[in-house]
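Protein chains: 2
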Amino acid sequence: MKNTQIVLKNYVNGVLKESDMILNASATINLKLPEGGSNNAVLVKNLYLSCDPYMRTRMTKLEDSYFEAFAPGSPIAGYGVAKVLDSRHPKFKKGDLVWGVTGWEEYSIISPPKILFKIQHTDMPLSYYTGILGMPGMAAYVGFYEICAPKIGECVFVSAAAGAVGQLIGQFAKLSGCYVVGSASTKEKVDLLKNKLGFDEAFNYMEEQDMNEALKRYFPNGIDIYFDNVGGKMLEAVLPNMRTNGRISACGMISQYNNLKLQAEVACNLFLMVTKSLNMQGFMVNDYFHMYPKFMEIIMPLIKQGKICYIEDFAEGLENAPAALVGLFSGKNVGKQLVVVARE
Amino acid sequence: MKNTQIVLKNYVNGVLKESDMILNASATINLKLPEGGSNNAVLVKNLYLSCDPYMRTRMTKLEDSYFEAFAPGSPIAGYGVAKVLDSRHPKFKKGDLVWGVTGWEEYSIISPPKILFKIQHTDMPLSYYTGILGMPGMAAYVGFYEICAPKIGECVFVSAAAGAVGQLIGQFAKLSGCYVVGSASTKEKVDLLKNKLGFDEAFNYMEEQDMNEALKRYFPNGIDIYFDNVGGKMLEAVLPNMRTNGRISACGMISQYNNLKLQAEVACNLFLMVTKSLNMQGFMVNDYFHMYPKFMEIIMPLIKQGKICYIEDFAEGLENAPAALVGLFSGKNVGKQLVVVARE
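Going down the list, the sequences are from chains A and B.
The first sequence maps to residues 0 to 343 in numbering that gives the first Met the number 0.
The second sequence maps to residues 0 to 343 in numbering that gives the first Met the number 0.
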């Protein structure tokens, strides 16, 4: 069977481009697991693939990196939703729907599966398992509730607020009785944040001359919680606006991923961590997947009761996957960016 | 009575120089509080003045600074030990020995005293109340025990390890069953750390080509706790050497104080906060002075039993105070730098 793949051409230096990835239309795969292979292998048909900023960090060979670099010449990997076609793994059987880490290709042999969950609730859009019901949902839940421990009335700022995680932070903040403001890169997204996602305020950071002043406008009394998805210059602008004893949840730093090897721009006012008694806590969502069942118990009723919604941005077909991934870094996506490989 | 003062000439830009401070030998003072003045005023004779890195940040006019800037033309202020000559304050009476914030001059009217403690234990060297029994002692205690919550066997790194705070971190770490390494700027200090203060290891960071490599040498399995007194390039070198879930106590960032207004050099790899799930907690010791009595109960027996020692570096006379303060920023001091104004 033919098995179209998205392959990493070479390690990437600087800004990610579509041409750093190649569509390989000549690969093939046997749709049955080979005899005598691994006892834990699962063969899946990929349905939805998730475009996540952290994937850029796997395209550069870094010393001491948490993430293993992708291998040039091989398909890249990421979170996705898939259907099991064949399995030697005791937890998965043919016909199961699953979400977790898979390949950017039509079919993948996952052997052994490291992060793979059986989808229990098939009454939800399957694509949600790349977003609100998958890794970004868990990141929002953990990063906001576990890391920030928000209290009613607190002032919350979230960057990349219309993204996969940010849109949930705003909604969680409102459910927790907080005042929440989000930043995004277009007027369309700002309107979404205010009119559909329930943010108290939102602004287009591309249109602000002075980010520090913009934050002062929306937070005259300062920020209690900053949910940081971007790092860099935005973090630098946030620090002077933090209140004493404020908390920063360091979820991601998308502004840095295209130049992790370089002397990246960064908060040059980190001394404010001291004088404002700030706490910054980084976290990796993989360390919290044991909480996934608890998360599902909380999030499912919220979705069903219409108390939380989720915006997705679909790219159709593997051939459009590289552009979708690259688009994350210029904010082209509105909501969770994903790729439809097949609908069933 | 004449009252020699050290006066700030002008707001300071860039590197602090002795000439930024002026010795004013023509000021006078009446050694009796004026009738009808503040009901809370205390008139003191200054004995020992503390040279602390944070004082540099009060010499530049910064927006949103935690510390109020000194007034050009007026004596600078800082922690010190003094004797009460006259008092309208109910908590202090003539003859009391006190420590807290006072002026860089022979005599000061403190009105009202904001941070001023009556010295209960006069059987200790009075100079200790600028160091181990004063603000730096509290900073070490709070920053290590309250912020880092060290566990037996953990690996601790402290920068500026032979300074007022650093020398205590090493000794606290050993008392807590930790492995501790310190960095300092001369061979003499490194020897002190290893031979007198009980650090497991110490190194001269001025002699290291590659700080990252130096840290790898001393921490092959990584750092659990970094007690940061310097910030900047050292923090940048530490981040890749932190273990997952490591903690950073942000006590001070002396490397940054001479250029807080500039685009200071900083950790350009802050993304490691995310991938290593690190926690960085800044703190201001003033927020913890309610714990001073508890601290004294703990530290006094340790000193008396010889389980903890303290190295001081004395400058004699107010006329030598500017050089002593400036010397902090090139690491001239060995141990706690203080100025002797008068011995009683």
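Calculated directly from the structure, the hints in this document are not laboratory data.
Some clues are possibly wrong.
Because identical chains share one entry, a pair is satisfied inside a single copy or across any pair of copies.
[What the hints assert, rightly or not] Below, a list of computed lysine-lysine pairs in the DSS-like style, where the Cα atoms sit at most 30 Å apart:
no. : residue 1 : residue 2
1   : K60       : K232
2   : K215      : K60
3   : K232      : K92
4   : K117      : K90
5   : K60       : K113
6   : K195      : K1
7   : K113      : K306
8   : K31       : K215
Hint check results:
1. For the identical chains of this complex, K60 and K232 are neighbours both inside a copy (25 Å) and across copies (23 Å), given an alpha-carbon limit of 30 Å.
2. Taking CA atoms no more than 30 Å apart as the test, K215 paired with K60 passes between copies only; the shortest distance there is 20 Å, against 39 Å inside one copy.
3. When the C-alpha separation of K232 and K92 is checked against a cutoff of 30 Å, the pair qualifies neither within a copy, at 47 Å, nor between copies, at 52 Å.
4. Taking the shortest alpha-carbon separations for K117 and K90, only the intra-copy value of 8 Å comes in at or below 30 Å, while the best inter-copy value is 69 Å.
5. In this homomeric assembly, K60 and K113 come within 30 Å of each other (Cα to Cα) only inside a single copy, at 22 Å, whereas the closest approach across copies is 54 Å.
6. For a Cα distance limit of 30 Å, the shortest separation of K195 from K1 qualifies neither inside one copy, at 42 Å, nor across copies, at 71 Å.
7. Proximity of K113 to K306 under the C-alpha cut-off of 30 Å is found in neither arrangement, the shortest distances being 32 Å within a copy and 50 Å between copies.
8. Neither within a single protomer nor between protomers do K31 and K215 lie at most 30 Å apart by alpha-carbon distance, with minima of 60 Å and 47 Å respectively.
Comparing the model with each numbered hint stated earlier shows that hints 3, 6, 7 and 8 do not hold.
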